[in-house]
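Enquirer: Single-letter residue listing:
2 protein chains.
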Amino acid sequence: MCPHALIPFKPAGPKSRLSDILSPEEREAFARAMLEDVIAAVKDVNCSPVIVATELFDSEDIQITIPDKDLSGTLNEVLPQSIGTILIIMADLPLATGEAIKRVISTKSDMAIVPGRGGGTNVIFLKDPAKFHVDYYGMSYLKHKKIAEEAGLSCEVIDSFVLHTDIDEKEDLVELLTHGTGKSRKYLEDLGFVLTAANGRVGVERKSSAPAPSA
Amino acid sequence: MCPHALIPFKPAGPKSRLSDILSPEEREAFARAMLEDVIAAVKDVNCSPVIVATELFDSEDIQITIPDKDLSGTLNEVLPQSIGTILIIMADLPLATGEAIKRVISTKSDMAIVPGRGGGTNVIFLKDPAKFHVDYYGMSYLKHKKIAEEAGLSCEVIDSFVLHTDIDEKEDLVELLTHGTGKSRKYLEDLGFVLTAANGRVGVERKSSAPAPSA
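If you're matching them up, the sequences are chains A and B in order.
Counting with the working numbering, you get residues 1 to 215 for the letters of the first sequence.
Counting with the working numbering, you get residues 1 to 215 for the letters of the second sequence.
Some hints could be false.
Cut-off 25 Å, straight-line C-alpha distance, at most; resulting in silico cross-link-like pairs (DSS-like, lysine-lysine) [claimed, not checked]: (1) A:Lys170 to B:Lys15; (2) A:Lys108 to B:Lys127; (3) B:Lys43 to B:Lys186; (4) B:Lys15 to B:Lys170; (5) A:Lys186 to B:Lys146.
Hints listed in this document are in silico derivations from the structure and should not be mistaken for laboratory results.
Build out the structure end to end from the sequences listed, making use of the hints.
Expert: Dropping the structure here:
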């Protein structure tokens, strides 16, 4: 149990698909709040977070700094050197819970994976990291399943919507305002975001242009 | 165990948000294929499907026919008369598996619920149906949680992406072509739909205008 949890994170210019509704500063603060929610979930099951960031930023947690463009390459240098199990979990999963992560790291298979929405990979758990390599571009979920198969690793797919739900676009905020319990939900609410329902469809709306919260 | 599984279904004119990529006939056949995937999952855990349809259609399974506009009202007439446990599961969940449904019906709480994407409710399991009523319009997930609370029913939220993923829009087809294993995935593939990746984003594309498959 208690693996290291690698959390890739981009402190500067994150979440560009939210540009229509959040300013650059707000997007940075929001990404940071989501990261903190993920760190809390990871710590909840006694995993040690290691933030794999594209630049150094102010944080009390351990950081590895990597070049912006090559997440897969950097992780593939880290994995063979790892002693013990490794969890790789994305920073934009603010619905993550300790309970869900526990299901991942309790797998009886050689590894476990949680697909992201839209063909991506949100979480990978590796009992023997040296035997696997990552490839995060495009349809990474199918690629990771294939890499596991070619490496002869049994791979459990964990059926979790809280780990499946990455927050990239405005519609995704519906999920956060419906199910979130942490800092990133509070950050959105402090900015004035609320759920709306028109014609039976649920959406989000920014009610007031309140001053940016001190997050 | 072995509850009746009520499956609301609209045989005529379903899935209008797929109109851009599927003809009316194709949408009907696709909705039917998704229903069959849900029925298969339900039967996999020995639940008895009862299709709650807006009109009579050709099927070997038990059907209840209800007025188109009042799903909640009709279900609320059925629930108090039910003997034993009831599962209500939507027909547009083609990723549903017996394993996921088993997690729902194995709850130790008075009831269990699986939220749908966008604030909806995809699955409800009731140990004592007479004590609950449904309200499917708008943000039904939050409404159902509140109804449970007001009725004094303990309610477990089941964390499942296969039951969370309802298929309504073109982007949702990515999920079906990535994770699906049943008839509705095959139907899409027979129509020529494939996954595509451009600029790291995964989408779907209809490759050929092949003749409609005999589904």
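Enquirer: So, for every hint listed, does it hold in this structure?
Expert: Consistency of the hints with the structure:
no., hint, result
1, A:Lys170 to B:Lys15, "holds, 23 Å"
2, A:Lys108 to B:Lys127, "violated, 31 Å"
3, B:Lys43 to B:Lys186, "holds, 20 Å"
4, B:Lys15 to B:Lys170, "holds, 11 Å"
5, A:Lys186 to B:Lys146, "holds, 21 Å"
Violation of the numbered hints given earlier is confined to hint 2; every other hint is satisfied by the structure.
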